[in-house]
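Peer 1: Start from chain A and add chain B according to the hints.
Protein chains: 2
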Amino acid sequence: MRHPLRTARAWPAHDCSVSAADSAATLAGMYQPRRIKHCRVCGSPVDYRVPADDNRERAMCPACGEIHYENPLNVVGTVPVWGEQVLLCRRNIEPRFGFWTLPAGFMELGESAADGALRETVEEAGAKVEMQALYTVLNVVRVGQVHLYFRARMLDTTLAPGPETIEARLFTEAEIPWDQLAFRTVRQTLEHFFADRRRGVFGTHVGDVG
Amino acid sequence: MRHPLRTARAWPAHDCSVSAADSAATLAGMYQPRRIKHCRVCGSPVDYRVPADDNRERAMCPACGEIHYENPLNVVGTVPVWGEQVLLCRRNIEPRFGFWTLPAGFMELGESAADGALRETVEEAGAKVEMQALYTVLNVVRVGQVHLYFRARMLDTTLAPGPETIEARLFTEAEIPWDQLAFRTVRQTLEHFFADRRRGVFGTHVGDVG
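Heads up: the protein sequence lines correspond to chains A and B, in order. Numbering of the first sequence is given in this note's numbering, commencing with residue 332 and proceeding in unit increments. Numbering of the second sequence is given in this note's numbering, commencing with residue 332 and proceeding in unit increments.
Calculated directly from the structure, the hints in this document are not laboratory data. Even for Gly, the Cβ is constructed at its ideal location relative to N, Cα and C. Watch out, some of these pointers could steer you wrong.
[Said to hold, decoys possible] Computed beta-carbon distance windows for the label pairs:
{"#": "1", "chain 1": "B", "residue 1": "Glu506", "chain 2": "A", "residue 2": "Thr503", "range": "50 to 58 Å"}
{"#": "2", "chain 1": "B", "residue 1": "Leu486", "chain 2": "A", "residue 2": "Arg387", "range": "20 to 28 Å"}
{"#": "3", "chain 1": "A", "residue 1": "Ala383", "chain 2": "B", "residue 2": "Arg387", "range": "33 to 41 Å"}
{"#": "4", "chain 1": "B", "residue 1": "Arg529", "chain 2": "A", "residue 2": "Glu504", "range": "34 to 42 Å"}
{"#": "5", "chain 1": "B", "residue 1": "Ala394", "chain 2": "A", "residue 2": "Thr489", "range": "20 to 28 Å"}
With the rest of the complex left out, here is chain A (with noise of 0.2 Å):
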């Protein structure tokens, strides 16, 4: 996961897994309209107001003119399979310190959803893999996101966890740790993941995550 202090501070990074205890701060996650207060063409404050041919609120420059369009997000992972096996991470980053990720962060300029899927796969985990089809198209509209995750297959089992990982590990179906996963889109990805396994068919999944 790269951004890590977008991902502390400005936007979350994902879609945090709610429980009682921390329903508080992941609301308080929420994407944050109206966060742009300066231009970033010439630097004077903006005012946010409907421009003409649009219909929404958008940060505008009054004195450039410039308008700044916020958008959703994409997320880009894997699912990597050894085997009876997936590969997870365990998070050395906030949001989610400690739980366990399937390996994905935010799509970059200059790349395909596959591209950096791949990419954040060996930089979390170091796996080497190859890439398979688009699994799960989630929606994350709470902190404006859309998770994509690719089926991939593990070309051996060599790890080289990156700063971003306390640690990466196999698990079979029986071991993964439902109650330690970071990500409620981890969560959706894995259950069908193991649902379409033991159906023997996997499609490309579309839903949306509260």
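Peer 2: Quick look at chain B alone, frame taken from chain A:
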């Protein structure tokens, strides 16, 4: 399509279909790194540096420490189908004024990809549709976008094009104006659609558009 100024100026709305005549204009429309000059929080001039624990240059504020990330955006739309016909809209805005497109636009905060695709279909064509499955996920790396198209079943043929559309009309496969399509993701999506319809099987297609 919302964000008319953005599409015309700051960020290309789409991958444009490249012909000999417009290839230069298309290349000029590539996403522009280093276009953030001032901090959105405090207005100070930013520096492009690699933050601690990161591996890419970001616009960083030397005064308040804010890090500004720039990431790909999603464009969401539909393939509205009425019997043997597909609905296209003729664009009343740049880029690609006068060319034909499937209804689509930038995904907004507060909506899922399907929500956004439905909204654009209403805004651009005034069409009443029932949303169906996610159909194409096409990376347009050159402009930092991912285009997601959903199939949609038109409920009637009543249309009410919005201000961004010159006209909206139904086309059979033989009538599709292939040389007057606005964007390559529209072309690819339509090509998949007619091929899949002949086979009688609609999957989810993932790919890259150069």
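Peer 1: Look at each hint and say if it fits the structure.
Peer 2: Hint check results:
Between Glu506 of chain B and Thr503 of chain A the Cβ separation comes to about 54 Å, which falls inside the hinted range of 50 to 58 Å. In this structure, Leu486 of chain B and Arg387 of chain A meet the distance hint of 20 to 28 Å, their C-beta atoms being roughly 26 Å apart. At roughly 35 Å, the beta-carbon separation of Ala383 of chain A and Arg387 of chain B lies within the given 33 to 41 Å, and the hint holds. Roughly 39 Å separates the CB atoms of Arg529 of chain B and Glu504 of chain A, a value that falls within the hinted 34 to 42 Å.
For Ala394 of chain B and Thr489 of chain A, the hinted distance range of 20 to 28 Å is not satisfied, since their beta carbons lie about 44 Å from each other.
Checked against the numbered hints listed earlier, the structure breaks hint 5 alone; every other hint is satisfied.
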